[in-house]
Each structure stands twice: as structure tokens, then as C-alpha cells.
Amino acid sequence: MTENRFKKDFPIFDNVPCVYLDSAATAQRPAQVIEAQKRFYETMNANPLRGLYELSIAATDAYEEARICVRDFINAADEAEIIFTRNATESLNLVAYSYGLNFLHEGDEIVTTVMEHHSNMLPWQMVAEKTGAKLIYLEPDMDGIFSREELDRKITERCKLIAITHVSNVFGCVNPVKELADRVHRNKGVIVVDGAQSVPHMKVDVRELGADFLAFSGHKLMAPFGIGVCYGRRELLEAMPPFLTGGEMIEYVKLDGATWAELPHKFEAGTVNPAGAYGLKAAIEYLQGVGFDYIRETEDRLTARIFEEFSKLPYMHVYGSKDPANHSGITAFTIDGVHPHDISSILDADKVNIRAGHHCAQPLMEYLKVGNTARASLYLYNDDEDIDRFIESVKKVRGIMGYGA
Amino acid sequence: MGLESIYGEILNEHNLRPSHRGNISGATIRLEGKNPTCGDDIYLELKVGEDGIIEDGAFSGSGCAISQASVDIMLDMIIGESKERALELCGKFMGMIHGKATEDDLDDLDEAAALKDISHMPARVKCAVLGWHTMEEMLKNRESEGHARGEHEYCTTE
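Chains as they are written, first to last, in our numbering: chain A, 1 to 405; chain B, 1 to 158.
These are calculated hints, taken from the structure and not from any lab test. Beta carbons: idealized from backbone N, C-alpha and C, even for Gly.
Straight-line distance between alpha carbons at most 27 Å, and here's what the computed BS3-like set of lysine-lysine pairs gives:
hint, chain 1, residue 1, chain 2, residue 2
1, A, K351, A, K395
2, A, K203, A, K178
3, A, K188, A, K154
4, B, K34, A, K369
5, A, K396, B, K116
6, A, K351, B, K116
7, B, K34, B, K92
8, B, K116, A, K395
Residues of chain A clear of chain B, computed beta-carbon distances all greater than 12 Å:
hint, residue
9, F13
10, T60
11, D61
12, L135
13, P140
14, R158
15, K160
16, G226
17, G257
18, E392
Please construct the entire structure, taking both the sequences and the accompanying hints into account.
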């Protein structure tokens, strides 16, 4: 048994003792992030980017320092490439509406995958419908791997945009973003990466990956709700029209039109969320203090324990790779004869919190021929005791549901 | 919070060995009921006679134990009853699920009263009421459509 030295940083576990295994939905927050958000409101609160007084300048500084922190975190070339949004969904919609609708045409092909979260699928369905571009879905094998034949067959010279999740929120597999980026760049196309499940768990370097756009949410990496990031390469963002219009994103407005503000403000219409951005900076600093090595080691070790315990129970099924190291801390599973919602309710009675349902990936559930699954997802605060309690609770499920003694 | 009382003998029996799963001949109304948020999906069929008596009924589809058992129990209770009586039971069931049932209501609800503690499990309310809500929709609003194979979506706002 290894004690988790970071768990004590998370006040929720003192206030509401529970085994929290739903971090792929949202992470818990450490005191450092909660304090930062409070500090913003107590000492820096004003509308940033507008006021000419000291307090507003403090708010602006806090906001812009957060942008620089994100730039370094994902190794972007320029802070102007970091656009703050509400969440990954808004970021992906920004790219779809502003890039997709304006730069894709009939005859082009958009390639995505059946394992996407709805937030990286519906915007591309919309773009395909409005532009006449063809939408093509890559299909993985049951481990979540795309075969070379599948890639060769479906990514043709007409492919001008690839939209793919970096890490699947069901399989937990890491997709070959770099290879796909190289393929689409040969066509002078772009790759849009959904980093919602990767950025909190592994070092993501947009330049090393070749990502033209990267979307992620703050709340999955312990930042406050309501702050997200859309990274875009500068030359692409400069060529794109604004997504939303209104305050703060203009240079000059007349009754018959306007000119747009410089990047990144062109894409940040209306009052921004400086407290959220400041909290995101605190979360990134916290994350860096823990280190991705510790996160990876903890998640892989605990996932391996889950797999080992499940393998002793013949009625358990795990989706994705057989190797726990290929799961990014995500275990999607079913129990023979028991609906995932019933699993979740039974675990809830033991204060074990998991997700049950389609995980906003209905097409993947259909592809796997499973209506729903249960999912346990880990993060840096989980420990052996969490896994013990989870397994103990899972073992009770079939008995409670009336199977055998 | 009543977990053991929910997943007790009655619910498990109706879930594992339902009496009314399948199809019936001569159905006069069919309707699909869905909980889009959780994926429960049932087809309910009823055969209602000229005199307004529910002569037979069946369900198919998939869902959690609570939704499946609840609809099976419901069919046990309403087959042989008048439409009015079925709707009366439905009203009592909805009341119970929302924590507003009298002792008399619970007596009247018979086996369905086994689901009483769902009122303490807000996340599962929509599972428990799916079949009942579908039946209510059929008898109140869809009967004139006869064999029309309709579909309705039911989401509670909790």
C-alpha cells in the first residue's frame, strides 16, 4: 500500500468522504486552486482589459499571466495563440464555425473517428452539412487501434481536416496524433486535436505533435468550471473570422461595420473569465508540482490493480486494450446481466462514484454493440484504498441483483 | 438510503424473470418510450377492448433493472383493469415516486410499492417512471392513433 501524498490537498475528501473515480468527467480541485480563485475575487476583481485604473490592470495582468502559463504548458510559440473559452466543447465549436465553415468546401474530406466525444463529432457533422465536404469516420479495432490499412484507405489526398481525440474517454487509448498530422499536412490540411482527456494526464506539446488546433477544458485538470482553452496556430487564427462578435473583440466599430482586435482578443468576445483563467494557472502550477511522471505511474499502477482484480471475476468485461498501461487511467467495463446504471447506484451506496452511461460517445457504444458501460477513471489523488473499496463494492453487485448466493 | 430495499426480491424477480416481456397479438396501441439521457428504451404494447378494458400488454426493449422491473410490475397490475383504473394507479405511482403517497396508496400499489424508496434516489426516478409515463401517454393522448407506432421522449427535470 502506498499512501497518496497529494490527497490531503483536496478538501472535498475531508468534507464528503468518498471514492472518486469519475475524473474523466471532472477532476476534484486542490485547495491551491480554490484559494487562487478566492484570491482573485478578494484582491484583483475588476473587468479586465477595459478599465484604466489599477484594479482593472491587476485583473488584466492576472488574466494575461494565465495565458502565458498556458502557452508554456503546451509549448505554443506565442501567447496570441491561446484563446480562453468556456470549455473544450466551445473551443471545438470555435474551430468548426470559424475555420471549418470558411476554409472547407465541397469535394474536401473531413476525417474523424467513431470514438469521438459528441463535442468533437457534432460540430463536424454541421460543417459537412453546410459546406458539402464529406465526413469520413475512422474505425478502430477493439483495442482502440487504427490499422495502417484503415488510415491508408480513408485518409485520401482530398482530406483537408482531421478531427481526433488525443485520448479516448472510453478506451483510454492514446491516438497517433503526430502521424495523422503528418498525413493531413501533406495535403495542406489541418488537424484539430481534442485534448480534454490527454492534457490533464500527460505532457502535451503542440509543436511536437504537429497540432494545428488543440482544445481542452480547465475543469478536467483541476481548474474552476467555466474556463477552457483553444490553441490555434497563429497564421490560421489570423486568417479566420471571429466566432462570436461583441465587446472586447473589436478594434474600431462604426454603424456599418467594424475592424477586429488583434489576436487573441479577436476570439474572446464579451467579458472574459479572469478568475477562471487565474484558477487555471494555479491548477497548471499544481499539476507541474505533482509532475506527469507521478500521475502516469499512479494511474497505471492502480489501473493494473483494477484489471488484475477484474480478471478473477468471469462476469466482468473491460473495453479497450488488455494492457492497463494503454488506458490513461480509464477503465470502461460491464458486468454480465447488470445494467451500468444499476452498477452505479449500488456503488453509490458504498460512496464509490463512477460514471455509467454512453459517456457522450453514443456512436462508439453502438460500434462496440454495447448500449452503455460503466467507467472508472483515475487521477493523481486516487490510492490503493480507493481501489480496494471499488473492487469490494463491484463484487457485491451481482449478489444484490439476485444472481446466485 | 434504501438500496437493499430497492434491489430486493420483488425487483430482482421482475427484472430477471419478467412475465410480460415480448409481444402480444392484437395490440391496439404501441408506443416507444425513451430516456435519451440514460439510454433506457422500451416498446410498450397494449390491447384495449371496445369496453375500455386493458385485455393484454407486453414490453420489449432494454434498460436498467429498475426500468424493466417497474414496467413488468405495471403490466401485472393493469392487465384486466379499465383504462381509468390504470391511469388512477399511474397517478398514485407517480405520487409515490415523488415521496407523496399515503399508506392507502401504497396498499393499492401492491408490488409497485417495492419501488417506494426511489423517491430517495433522484438519479433513478426517470428509470422507475419510464413505463408508467409511456402508458399514461398512450391512454391519454395516443389511443386515437391506433396502430401508429409512435415514440416519445421523457426526461425529468430533477
